[in-house]
Structure formats: C-alpha cells, structure tokens
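Number of protein chains: 2
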Amino acid sequence: KINVICPATEVHIRKYTKQEQVMVRETPELYETVVKPYIAAFPASRTKWVENILLGLSEQSKVLYSCTDFMVLPDMKWDLKTVSSLYLVALVQDRTIRSLRDLRKGHVGLLSSIRSEAERVVKEKWGLGRGALRMYVHYQPSYYHFHVHIVNGNYQGAMVGMSVGQAHLLDDIISLLELEGPSVFERMTLTYGLGDQHGLVDAMRRAGAL
Amino acid sequence: KINVICPATEVHIRKYTKQEQVMVRETPELYETVVKPYIAAFPASRTKWVENILLGLSEQSKVLYSCTDFMVLPDMKWDLKTVSSLYLVALVQDRTIRSLRDLRKGHVGLLSSIRSEAERVVKEKWGLGRGALRMYVHYQPSYYHFHVHIVNGNYQGAMVGMSVGQAHLLDDIISLLELEGPSVFERMTLTYGLGDQHGLVDAMRRAGAL
Numbered sequence: 137k138i139n140v141i142c143p144a145t146e147v148h149i150r151k152y153t154k155q156e157q158v159m160v161r162e163t164p165e166l167y168e169t170v171v172k173p174y175i176a177a178f179p180a181s182r183t184k185w186v187e188n189i190l191l192g193l194s195e196q197s198k199v200l201y202s203c204t205d206f207m208v209l210p211d212m213k214w215d216l217k218t219v220s221s222l223y224l225v226a227l228v229q230d231r232t233i234r235s236l237r238d239l240r241k242g243h244v245g246l247l248s249s250i251r252s253e254a255e256r257v258v259k260e261k262w263g264l265g266r267g268a269l270r271m272y273v274h275y276q277p278s279y280y281h282f283h284v285h286i287v288n289g290n291y292q293g294a295m296v297g298m299s300v301g302q303a304h305l306l307d308d309i310i311s312l313l314e315l316e317g318p319s320v321f322e323r324m325t326l327t328y329g330l331g332d333q334h335g336l337v338d339a340m341r342r343a344g345a346l
Numbered sequence: 137k138i139n140v141i142c143p144a145t146e147v148h149i150r151k152y153t154k155q156e157q158v159m160v161r162e163t164p165e166l167y168e169t170v171v172k173p174y175i176a177a178f179p180a181s182r183t184k185w186v187e188n189i190l191l192g193l194s195e196q197s198k199v200l201y202s203c204t205d206f207m208v209l210p211d212m213k214w215d216l217k218t219v220s221s222l223y224l225v226a227l228v229q230d231r232t233i234r235s236l237r238d239l240r241k242g243h244v245g246l247l248s249s250i251r252s253e254a255e256r257v258v259k260e261k262w263g264l265g266r267g268a269l270r271m272y273v274h275y276q277p278s279y280y281h282f283h284v285h286i287v288n289g290n291y292q293g294a295m296v297g298m299s300v301g302q303a304h305l306l307d308d309i310i311s312l313l314e315l316e317g318p319s320v321f322e323r324m325t326l327t328y329g330l331g332d333q334h335g336l337v338d339a340m341r342r343a344g345a346l
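Residue numbers (our numbering), protein chains in the order written: chain A, 137 to 346; chain B, 137 to 346.
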C-alpha cells in the first residue's frame, strides 16, 4: 500500500524522511520558552484542511460521527476495509486545545465522549467489541489542532507513532486529569522522541535541552 | 536472529503464541480484587532467575553496573553488538516493588539513579549521547519483579512491547511521581493491552472488566 501526499509541504517531506530519533525532556519552562512560540509561529494555512473538515466544507461523506464538540472519521492512512488495521481519527472543534499540554480537568467530559462515541461507532459499523480499540494522542503531534488516534488494539505493525515516548493513551490521560486536578499537563515534564529533522530540535538545542 | 528459550514454561509458550489483544481498564478496585491476588499466586520459582542475578549467583560477567539498589545488564534479546538495537534491562533489588502500581514518591531517587547510571554506562561503552535512550516499564510486565527496559531511542522495529498501552516511559513516571504525591499509581486507572492467552484475561472477564 502506497500513500501519495500531494501537494507535499516541506513538513511532509521532513516527516517522511528517515530521521534519527532524539529523546527530549520538555519541562514546563521549556514548553513556555521554546515550544509555545514554535506552535504559535505556524501559519493558519497549515491546518486549513482540518478547518475545512470541521466547518463541513470537505470530507463530509466520510464523517462517521459528528456533534458540536468533535468529529470522528477514518484516517487517511486507512484503506476503509481492513478491520485489523482500522484507523480513525477524532478532531475536536475547540481550537484553544493545541496539544496535550492544554488539557485540563474540564476536558474530561469531551475526552470521555470521544472514547464512548468511537467505541459505539466501531461496534456498530465493524462489530468490534469492548477492549478492541487503542486510542492515543501524540506529543509532539504533526499538527497542533487537538485530535485523537483510534486504532485497532490488535494493530501491531511497525507504527512508530504508537511508541511510548510519543503516544499517550487516551484512557491514561482521562485518568490523570480526573485524579490530579486541573493542571497536570501544565506542570508535568513530558519526554518524547523527535526526528532530528523536526522543527523543534534546533530550538531545543539552543535552549540547552539537548 | 532466533531466540531459544529452554526450558520454556507454559507462560513462555503463552507469551510467544500469537494472541488477540484486548484492552483492559484496570481501576484501583480491579487491581485490589483481581490483579493483586493474581500476582501473589505466582510461585517464587518463577523469578528464581532474577533472584540468581540479583544475589550474584548467575550472569555476573554480563553485569554492566551494580549497586546496592539495582543492576544493569544486557537483555537476553540483544546480541550485544548491534548498537542500533541496544537493549538493556535494570533489575531492582527491592522485592516489595512488584510493578508500576507499587511505585511511590519515595522511589523517585531510585528511578532517577537508574536513568542516570544507564545513560552513563551507555555513553561510556557505546558512545551514545544525551537523548539516545528510550527507557520504559511494562504494565502488565511478564514477571513481577520491578525492572526497567532500556533501549536505543532509534529502535523502531516491530516491538510490540514498546506500544502505548503497555509501555510507560520512565521519564513520565518520574515526572508524575514528583508532581502528584505518593500515590498516583495506587489511585490511577491503568489501561493496557493483554494477549487473550494472558492469565489475567479470565479473571478480568469474571470481574466484569471485559
């Protein structure tokens, strides 16, 4: 199976170029001084495709579930047929959540709805029952508009994006937020792997984090 | 590369049999009523090989680092040569830590030492620098004697054991313990995948968790 990405931006090319991984420890201070400005610098055009979906301007025939808070649709990497590699994505409407770092206790309801609606849709449409899905969030993500990856729990291909140190289980996130008060992701040091072509690597190096 | 396990117990055979994965949500209550008795029922003979290493009775020529609290040595799955697939394991001496669930704030010092000594050993012996290692803990683990997996951060093979929902990054664990007080892993619902031949699946099913 070949994925064709056209037009491919420089970021796509970087993303799919074979890269060395470096593990970064992002303290709350590094988030404020390095990562937040990095995210803020992205032009809105970079997530125009997400906006178009959320505004109902594109991909609407693919949407599996939609409410005022989020949409669930197949990920472009899925062929829509092979249940063993089922891959959906949930896109949230709330533009103020740029990443995992912005999640607060008040988002537990939203995250729980994504979990239950995704389970319901997958059950109804593909017959997969309880415990069949692995749902996770990337940090760093490839685009800064909050979204959840929903994959068959049995998928065990060489999916780099499923690795500890990049993926955070939705269930664990919900449990942490419920448990620990409103600001766990604000206060926590997050450690993750970055390809050495990732736009953050230079800035992290300059900040002494690498 | 072929790993030969001899003698192979029933647990080894189960572990390496192709299994369906099920995702389980283990609440603190399920831990108390289902998982703790499951762990307690293991005969001591099952971790005799770990005891023998920790007591200095076997594998001592392989030990890369040893102190009163833990040892670092190559994992049996590593060929000891190919740096790109570097795989070490840290075994702790403290027998009261059976798994992630037993970690408390008081263990931060131990966990931080494992992190820094592993980094130092790998730097000295294989020249890998800062950010080169991905260290993680399994939950559920394959044996209930606390240990940390230390792998090359670039290793991207089809390592099921590196997936979110089974692996927990050592750095994130340390950050959570530092942040959240003594009992986060006692209070948190942990979600993870289990092969359907795993010994916990039936008990979880009987408890209504699946």
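Certain hints may be false.
So, partial list: chain A residues that the calculated Cβ filter (under 8 Å) puts toward chain B [claimed, not checked]: (1) MET212; (2) LEU216; (3) ARG270; (4) SER299.
Every beta carbon over 10 Å from chain B, so not counted as near; a handful from chain A, in silico [as the list claims (entries may be wrong)]: (5) MET159; (6) LEU305; (7) ASP307.
Hints were generated in silico from the structure; no laboratory data involved.
Virtual Cβ for every residue (Gly too), placed ideally from N, Cα, C.
Verification of the supplied hints:
The criterion of a C-beta within 8 Å of any C-beta in chain B is not met by MET212 (chain A), whose closest approach is roughly 21 Å, and the hint is violated. Using the Cβ-Cβ criterion of 8 Å, the hint placing LEU216 (chain A) at the interface with chain B is not satisfied: the shortest such distance is roughly 22 Å. About 5 Å separates the beta-carbon of ARG270 (chain A) from the nearest beta-carbon of chain B, less than 8 Å, and the hint is met. Of the supplied interface hints, the one on SER299 (chain A) holds, with its beta-carbon coming within about 5 Å of a beta-carbon of chain B, less than 8 Å.
Residue-level check failed: MET159 (chain A) sits 4 Å from the nearest beta carbon of chain B, not beyond 10 Å. Remark: the non-interface label on LEU305 (chain A) conflicts with the geometry, its nearest Cβ contact in chain B lying 5 Å away (cut-off 10 Å). Separation of ASP307 (chain A) from chain B is inadequate, the least Cβ-Cβ distance of about 3 Å not exceeding the 10 Å criterion.
When each numbered hint is compared with the structure, violations occur for hints 1, 2, 5, 6, 7.
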